[in-house]
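Peer 1: Sequence:
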Amino acid sequence: MKLLLLMSLLIYSSTQTAQTGIFSQSGTEGRDVILACGNEGNVVWTKGTDRGRSDILTAEDGEITQRHRPDPENRYSVLTDLSLVIRSVSLSDSGIYYCNAAPAVNLTVNPAPPAGESHL
Numbered sequence: 010m011k012l013l014l015l016m017s018l019l020i021y022s023s024t025q026t027a028q029t030g031i032f033s034q035s036g037t038e039g040r041d042v043i044l045a046c047g048n049e050g051n052v053v054w055t056k057g058t059d060r061g062r063s064d065i066l067t068a069e070d071g072e073i074t075q076r077h078r079p080d081p082e083n084r085y086s087v088l089t090d091l092s093l094v095i096r097s098v099s100l101s102d103s104g105i106y107y108c109n110a111a112p113a114v115n116l117t118v119n120p121a122p123p124a125g126e127s128h129l
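Residue numbers for the sequence shown, in my numbering: 10 to 129.
Don't read these hints as lab results, they were simulated from the structure.
Virtual Cβ for every residue (Gly too), placed ideally from N, Cα, C.
Hints are not guaranteed to be accurate.
[Claimed, not checked] Restraint-style ranges between C-beta atoms, simulated for each label pair: (1) P122 <-> R96: 13 to 21 Å; (2) N119 <-> D70: 28 to 36 Å; (3) G30 <-> N51: 17 to 25 Å; (4) T89 <-> P122: 29 to 37 Å; (5) N115 <-> G71: 22 to 30 Å; (6) Q75 <-> P123: 22 to 30 Å; (7) L88 <-> T117: 20 to 28 Å; (8) E72 <-> P123: 22 to 30 Å; (9) P122 <-> R84: 36 to 44 Å.
Put together the whole structure using the sequences plus the hints.
Peer 2: Following this line, the structure appears as structure tokens:
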């Protein structure tokens, strides 16, 4: 019984730690966004989907070493600090992004304002 209680506390503790590490970020459709990771050395960026998770890319020391999905427009890149850059975001880019399997950013992409309208 004590072992079960201890295991339950450990699972709860690790779940809480993972949930508190996520950062909420918003962007505007058509603009670029930068998603921070906070890791050093190498990273696998993944996006949460309805069917689970889908790997985007793997990078090491600021260079992409593998693309896990087609990216003909080169929308995905990384900075030297391993942050993920998404160029010209679309509404479908909204979601949770994982850095080395840990939830890092909950991205919300807002619609672009109608042409002729300016946002200050």
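Peer 1: State for each hint whether it applies.
Peer 2: We went through each hint and held it up to the structure:
1. One distance hint, 13 to 21 Å for the beta-carbon pair P122 and R96, holds here, with the actual separation near 19 Å.
2. One distance hint, 28 to 36 Å for the beta-carbon pair N119 and D70, holds here, with the actual separation near 33 Å.
3. As the Cβ distance of G30 to N51 is approximately 18 Å, the hint placing it in 17 to 25 Å holds.
4. Distance hint for T89 and P122: a CB-CB separation of about 33 Å, consistent with the stated range 29 to 37 Å.
5. Between N115 and G71 the C-beta distance comes to about 24 Å, which sits within the given range of 22 to 30 Å.
6. Remark: the range hint 22 to 30 Å for Q75 to P123 is contradicted by a beta-carbon distance near 39 Å.
7. For L88 and T117, the Cβ-Cβ distance of about 21 Å falls inside the hinted range of 20 to 28 Å, so the restraint holds.
8. In this structure, E72 and P123 break the distance hint of 22 to 30 Å, their C-beta atoms being roughly 39 Å apart.
9. Between P122 and R84 the CB atoms are about 21 Å apart, so this pair departs from the stated range of 36 to 44 Å.
Violated hints, listed in ascending order, are 6, 8 and 9; each of the other numbered hints is respected by the structure.
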